[in-house]
Amino acid sequence: MFNLLLQLFWIFFKIGLFTFGGGYAMIPLFRSELIGAGLLTEEALIDFIAVSESTPGPFAVNIATFVGTLNGGILGAIFATVGVVLPSFIIILLIARFSSRLLESRWFKMAFVGLRPAVAGLVLAVAFSLGAVRIFPLLNLEAFHFDFSVFDWKALAIMAFTLTLSRLVKKVSPIALLLIAAVLGILLYGLI
Amino acid sequence: MSKAKTVGDLFLTFMKIGAFTFGGGYAMIPIMQREVVDVKHWVTEDDIVKLLVISESTPGVIAVNSATYIGYKIAGFWGSVAATIGVVLPSFVVISIISLFLVQFQALTWVTYAFKGLRAAIAVVIFNAVFKLTKKTKKDAFSFGVLILAFLAAVFTGVSVIAIIFIAALLGIVYGIFKSRPVQGGEADV
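Protein chains in written order, with the numbering used here: chain W, 1 to 192; chain P, 193 to 382.
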């Protein structure tokens, strides 16, 4: 049992160390590390990707908890989750502790003039790509694959509604918007 | 506020953020702006930008990176521990329960519908986050150009986010040097 817990911790520590950006980019690594080690089957991985879309939290953390529970119960879940979180925790702690001088430097202030709009552009890109794929599920923007044949008007309606609401009521919180959208989803997809 | 109370507050705030972060790390930006910038005034919009730059250039998921960073800034080591455990706890609890009856969960069609609705709105709340992020940005041609270039590169090419961030930082430095040097016949306005 103890060996299994250590193995779970170590595998997810490695995964946490090599996860850059979004979790889905890491699926090949999950595949080789987890399926290779016999901790997860291909079918379970595919099922879990769908489940993870409908549960809160980052994909890397979710799959650590899932694989940990499957193989080692609650203790397994704890070891795997701590493993996946620990690398970024340590690295960010070091950065937060030692970076203040760098972040106050003249060079960083100049760089920041470029970074501020770039980050806004990146966030806008995520919003645009997510929105476009919801409305036209067959689009693949990165591959220049513009397939508009499937059109989800319900997704468009929900977006138009929540966007209008957030313009009209300035103080509406994003959590409230998400909850309203969930209710709209049940109504539109379930009843129409 | 006493230190212990701040640590407890960090835990609860990040637990709330973790509970509502669906569909990737960027979805937590609007919720974080609301809870951590607008409501608690712990950090500024500029700190969120710094946080994203750091998150994208280091390993790990954005949610954990953000919690650790803000937790440390507000209440030191124990602040970062509390915020990190807080942000992870909701998914930990939900997934441990769901993994016991994975199949039944998928069979709940109304859950699927609710999440279809929710995922459509995630695009909107992330879109709204952009306005807050640009509030303090100078409205000039340079900023606008960098924003558009970063946007196009991220949507239509496979260029990595780290590369985009690196190039933007370089452009900022070059622009800064260029602007601080008086140009003949022109005026330096720095």
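Among the clues, some could well be false.
Stated by the list, open to error - Covered stretches of chain W, as calculated for chain P (at least 3 residues, CB under 8 Å):
#1 5-19
#2 34-42
#3 68-75
#4 83-96
#5 137-150
To be verified - Simulated pairs of lysine-lysine, DSS-like, Cα-Cα distance not exceeding 25 Å:
#6 P:K324 / W:K171
#7 P:K371 / W:K170
#8 W:K109 / P:K327
#9 W:K170 / P:K265
#10 P:K208 / W:K109
Rather than coming from a laboratory, the hints here were simulated on the basis of the structure.
By construction, the Cβ of each residue, glycine as well, lies at the ideal position given by its N, Cα and C atoms.
Enumerate the violated hints, using their earlier numbering and listing them in ascending order.
2, 7, 9, 10
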